[in-house]
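Novice: Given chain A, work out where chains B, C and D should sit, using these hints.
These protein sequences, in sequence, are chains A, B, C and D.
First residue of the first sequence? That's 1 in our numbering, and the numbers climb one at a time after it.
First residue of the second sequence? That's 1 in our numbering, and the numbers climb one at a time after it.
First residue of the third sequence? That's 1 in our numbering, and the numbers climb one at a time after it.
First residue of the fourth sequence? That's 1 in our numbering, and the numbers climb one at a time after it.
Derived from the structure by calculation, the hints contain no laboratory data.
Take these hints with a grain of salt, some might be off.
[Said to hold, decoys possible] Derived coverage of chain B by chain A (criterion: at least 3 residues anywhere in the stretch with Cβ under 8 Å from a Cβ of chain A; other residues may be distant): (1) 1 to 15; (2) 32 to 42; (3) 99 to 108.
Cβ coordinates follow ideal geometry from the N, Cα and C atoms, glycine included.
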Amino acid sequence: MSVRVQSARFDAGAELNAFSAGLENAGAVVSFTGVVRDREAGGMVAMEIEHYPGMTERAIAGIVEEARRRWDLADALVIHRHGRLVPAEPIMMVATAARHRLAAFEAAEFLMDYLKSRAPFWKKEIGPRDAAWVAAKDGDEAALGRWAAREQ
Amino acid sequence: MSVRVQSARFDAGAELNAFSAGLENAGAVVSFTGVVRDREAGGMVAMEIEHYPGMTERAIAGIVEEARRRWDLADALVIHRHGRLVPAEPIMMVATAARHRLAAFEAAEFLMDYLKSRAPFWKKEIGPRDAAWVAAKDGDEAALGRWAAREQ
Amino acid sequence: MIDCLYFAWVRERIGAPRERVETSAATVMELVEELRGRDPRYGAAFADLSALRVAVDQELSGFDAPLAGVREVAFFPPMTGG
Amino acid sequence: MIDCLYFAWVRERIGAPRERVETSAATVMELVEELRGRDPRYGAAFADLSALRVAVDQELSGFDAPLAGVREVAFFPPMTGG
Chain A
1 MSVRVQSARF
11 DAGAELNAFS
21 AGLENAGAVV
31 SFTGVVRDRE
41 AGGMVAMEIE
51 HYPGMTERAI
61 AGIVEEARRR
71 WDLADALVIH
81 RHGRLVPAEP
91 IMMVATAARH
101 RLAAFEAAEF
111 LMDYLKSRAP
121 FWKKEIGPRD
131 AAWVAAKDGD
141 EAALGRWAAR
151 EQ
Chain B
1 MSVRVQSARF
11 DAGAELNAFS
21 AGLENAGAVV
31 SFTGVVRDRE
41 AGGMVAMEIE
51 HYPGMTERAI
61 AGIVEEARRR
71 WDLADALVIH
81 RHGRLVPAEP
91 IMMVATAARH
101 RLAAFEAAEF
111 LMDYLKSRAP
121 FWKKEIGPRD
131 AAWVAAKDGD
141 EAALGRWAAR
151 EQ
Chain C
1 MIDCLYFAWV
11 RERIGAPRER
21 VETSAATVME
31 LVEELRGRDP
41 RYGAAFADLS
51 ALRVAVDQEL
61 SGFDAPLAGV
71 REVAFFPPMT
81 GG
Chain D
1 MIDCLYFAWV
11 RERIGAPRER
21 VETSAATVME
31 LVEELRGRDP
41 RYGAAFADLS
51 ALRVAVDQEL
61 SGFDAPLAGV
71 REVAFFPPMT
81 GG
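Next comes chain A alone, as it looks inside the complex (with noise of 0.2 Å):
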């Protein structure tokens, strides 16, 4: 299992490379990748993503402990960015792997689905004359619900 938080741009490709090297006898691997993308409105010049060193690491932990609980899993990962990204570059990675792809699609959503709402990350976008922090949409709030169903 591997988390990492760093404002150094990554390379999703070579990650994903290493990430299957290292694995013995899972059939599956998942990969999400965030990417940033243009605003609605378009023009956008850069995105800042602010962070909450200490508990940003807690909090992804927590989230990887609860897949690794729920889901029989070979391996996980994550990598998340902060500082200033320009659009194209990537965010954020979660790669999972399993024996099954059930379990491996399973535990990649609900990692995004978490790391989306709680783990303590705060996207801006820059305009070239405006700024404004991204909402959080109620969706993300709701995806989470989909997990709790689960647990009884």
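Specialist: Relative to the frame of chain A, chains B, C and D by itself:
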């Protein structure tokens, strides 16, 4: 959209990067890689994958088309190998890109479920002294049900 | 004339990947019955139809599919790709 | 003494990323009330508590969380990672 059926090994990380580089404004990229893993009984020497040239490409194209109809995808990629593979080699790969992560995840799972049961590939596990065709799992056919149910 | 294709263990039991078959069968099922009558190898390959899948001109079909105008019929076990 | 941390627009409204606060507040809510009384900047930051999240010693908590023994309280909007 890109579909490749090939015997040559491929580099999943390089494919993921090439796929991502071509995207405009798709913030979410999901990949699935299937890797040759050992049999339950152990001692696997190789995996042989037979396919139905002509129908294979046609079936995969139809599955990708259906995924595009159901989700708003920026792009999709399917690579599937045939011939003789050894443990730890990649068997196949799916990548999807969309504006939102749920679409990218769902489309990737849909593609996997359908490739598994509707694309004409057959796997044979070769041991040191024996060989056996991999049997389809009941669960693989059942997995298609979750997509059919959505159509109503 | 119809091209019959066989894959995986169906191919192994029949002993050939494909063959041209002279037939006047109206459906896939009739073609199966005809082949069964020709040689025990077909009997072995087609023993349990529930374990078989069929594609007619490269589209998955049922055993009741008509053969009029069809060029290619393929028999194989459930697929195991992915 | 409690370290108060502010992130995103909470930080911008208060004008500082962190500060040490001398307080005898028993709960987060009492701390919020105390800060609101000190300066209008806090009033602006804490105007709508439903738009705020709080972490106590780096764990997400409610506004009713007790502060006894606590070293660090952070205020921020809903998170937007991933």
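Novice: Now, for every hint given, state plainly whether the structure supports it.
Specialist: Hints, verified against the model:
Coverage of a stretch by a chain is defined here by at least three residues with a beta carbon nearer than 8 Å to that chain's beta carbons; for the region 1 to 15 of chain B and chain A the count is 5, and the condition holds. With 7 residues bearing a CB less than 8 Å from a CB of chain A, the region 32 to 42 of chain B meets the requirement of three and the coverage assertion stands. Evaluation of the coverage hint for the region 99 to 108 of chain B: fulfilled, as 6 residues show C-beta separations to chain A shorter than 8 Å, against a requirement of three.
Checked against the numbered hints above, the structure breaks none of them.
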